[in-house]
Amino acid sequence: MEKPLTHNISSANEPPELAQYEKSGGYGALRKAFRMAPADIQAMVKEANLRGRGGAGFSTAEKWSFVPMGDDAPHPKYLVCNADEMEPGTFKDRLLLEGNPHQLVEGIIVSAYALQADVAFVFLRWAYKLAAGRMERAIGEAYRQGYLGKNILGSGFSLELHLHSSAGRYICGEETALLNALEGRRANPRAKPPYPQVSGLWGKPTIVNNVETLCNVPHIVANGAAWFRSLSHTADGGTKLYGASGRVKKPGLWELPMGTPIREILEEHAGGMRDGYEFRGLLPGGASTDFLVADHLDVAMDFDSMQAAGSRLGTGTMIILDDRTCPVGMLLNLEHFFAQESCGWCTPCWAGLSWIEQILQDMEEGNGRSSDLERLESHTRLLGPGHTFCALAPGAAEPLQSGLKYFKDDFERHIHERRCPWRQN
Amino acid sequence: MLSEQERNEIEAHLLHYPDSRAVCIEALKIVQRHRGWVSDEGIADVAEALQMSAAELEGVATFYNMIFRKPVGKHVILLCDSVSCWIMGYERLREHLTGRLGVSLGQTSADGLFTLLPNVCLGACDHAPAMMVDDAHYQDLDPARIDEILAEYERKEGESTDGKTTDP
Chain A
1 MEKPLTHNIS SANEPPELAQ YEKSGGYGAL RKAFRMAPAD IQAMVKEANL
51 RGRGGAGFST AEKWSFVPMG DDAPHPKYLV CNADEMEPGT FKDRLLLEGN
101 PHQLVEGIIV SAYALQADVA FVFLRWAYKL AAGRMERAIG EAYRQGYLGK
151 NILGSGFSLE LHLHSSAGRY ICGEETALLN ALEGRRANPR AKPPYPQVSG
201 LWGKPTIVNN VETLCNVPHI VANGAAWFRS LSHTADGGTK LYGASGRVKK
251 PGLWELPMGT PIREILEEHA GGMRDGYEFR GLLPGGASTD FLVADHLDVA
301 MDFDSMQAAG SRLGTGTMII LDDRTCPVGM LLNLEHFFAQ ESCGWCTPCW
351 AGLSWIEQIL QDMEEGNGRS SDLERLESHT RLLGPGHTFC ALAPGAAEPL
401 QSGLKYFKDD FERHIHERRC PWRQN
Chain B
1001 MLSEQERNEI EAHLLHYPDS RAVCIEALKI VQRHRGWVSD EGIADVAEAL
1051 QMSAAELEGV ATFYNMIFRK PVGKHVILLC DSVSCWIMGY ERLREHLTGR
1101 LGVSLGQTSA DGLFTLLPNV CLGACDHAPA MMVDDAHYQD LDPARIDEIL
1151 AEYERKEGES TDGKTTDP
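Residue numbers (my numbering), protein chains in the order written: chain A, 1 to 425; chain B, 1001 to 1168.
Hints may contain errors.
[Unchecked claim] Subject to a maximum C-alpha distance of 30 Å in a straight line, what follows is the list of computed BS3-like cross-link-like pairs (lysine-lysine): (1) A/Lys129 x B/Lys1070; (2) B/Lys1156 x A/Lys129; (3) A/Lys249 x A/Lys405; (4) A/Lys150 x A/Lys192; (5) A/Lys46 x A/Lys3; (6) A/Lys32 x A/Lys204; (7) A/Lys46 x A/Lys192; (8) A/Lys46 x A/Lys204; (9) B/Lys1074 x A/Lys3.
By construction, these hints were calculated from the structure, which means they are not laboratory data.
Every value quoted in this text rests on a predicted model; they were computed, and no experiment measured them.
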């Protein structure tokens, strides 16, 4: 089984330095890209069926297609790598940033060439200190080797790449909020349209792509679209970084074919549940995805299959709920997170999420009322898509709506017994 | 007024952006690194250097949780309270830390050594529960491990205090 993203990564070792990276074929995709027209690279990425790995799963080539190209295009154009990984339960981009920073640098340069971008930023969450040091070093090495800067490898193409470390807040991962943060503003999302591809950073065309997405691009260019599609069990190309956390025997992260079934990840790679714990459910791709339960274990972890099962692939890093953990308590934890991280820009989000948190808090403390279930359900609709500027509140509604469906008995026990049955006293 | 070192560090970032405002968050982090936190004076200094109004900069500073607008202890403990760490024992660690330090979340220990803050997911979910102390990550935590980690910071503090008491 091929593992293009991680075959160079060993958690025991330092990441490959420039010479090592080059020796294993690194920056070969960049040299190949410079022999191709930008439009041909875009066509290749389209044919590869690469879908964005940040969570939404939008086609990368389609996203790119809205960037103005040609002589009349406004400049500078910007490429931003979204490395603001902060989705609870998610730790996949960290591996790529820490484990092989040159792979990401090459992915950024190749993608910037395909888009004819002039300046690129890596927007990195502040907590990833090790990644920051390693990225700085890789960017410095790439400049010294002539892979960045003016007239790269004599191609006539120039690119500046800077690392931008954040100062916190989950909302910075939302792409238009990220642009505001990068410009030195409060990270409130922007209204769309105009989309960033047309009017992004400082009003110029801007593409925002996730770390894992960009890391795939050099491999597509080096090995071709057909090869990339062959890595996957489904129509979407490539491998996927899958993870598992919670009370499994071996929590971790694995690069597997896109479309690997949940059961295989959970049982073969994560080693199944710890002794004394039973599986009750999971969030397949971070805090903002719908719960799935035992009936869904044979569903493939790809964008379309997850959606058909009533959830989303999200970041592909699953959080496991066991039988000794309270589902209402887990939802309180999740909704507390979303309420706290709401940027405060639109009312349904900041007011609705705090309300939800309060209802769940009351329920955990034994003060739930039978009308609360209906009220929570109505909140999931009021916070659904279309009622807010960005996807934070709809994301918060996902685990709640599915939690109410799958764990209804647990909610009712909290209300009727006037306590959390999982707590001792 | 910004120190020369603060000014130099801020100016190095200015080269990367088309306008000076874009470095304001980084500039606040630089001031915080040198002064421990961002006081009203710190806001005024950065605002003046970047030609922003203090009120505008204050609006930015208070948005971001890693800009401290109140004094913090010598070390800041960031205890992950997100879902994977919650499942794996966050509440037990919180009780242990608040008890050991004699503080609630958001407070600083009486000796001024530690400020205890809850924090969102630190990206170490496969080694939950996790926390950071300043820039260092710690994972696979339990109360005993936390005691070891804090004792190490306390031991270093003791050594540096001993070194300073040479005045007659």
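A quick look at each hint next to the structure:
1. A/Lys129 x B/Lys1070: With a Cα-Cα distance of about 23 Å, the restraint between lysine 129 of chain A and lysine 1070 of chain B holds, given a limit of 30 Å.
2. B/Lys1156 x A/Lys129: Holds - the C-alpha atoms of lysine 129 of chain A and lysine 1156 of chain B are around 22 Å apart, at most 30 Å.
3. A/Lys249 x A/Lys405: holds (28 Å)
4. A/Lys150 x A/Lys192: violated (33 Å)
5. A/Lys46 x A/Lys3: At roughly 21 Å apart (the allowed maximum being 30 Å), lysine 3 of chain A and lysine 46 of chain A satisfy the hint.
6. A/Lys32 x A/Lys204: Within the cut-off at roughly 28 Å; holds.
7. A/Lys46 x A/Lys192: Roughly 24 Å between the alpha carbons, so the hint for lysine 46 of chain A and lysine 192 of chain A holds.
8. A/Lys46 x A/Lys204: At roughly 24 Å apart (the allowed maximum being 30 Å), lysine 204 of chain A and lysine 46 of chain A satisfy the hint.
9. B/Lys1074 x A/Lys3: It is violated: about 44 Å lies between the C-alpha atoms, which goes past 30 Å.
Consistency note: the structure conflicts with the earlier hints numbered 4, 9.
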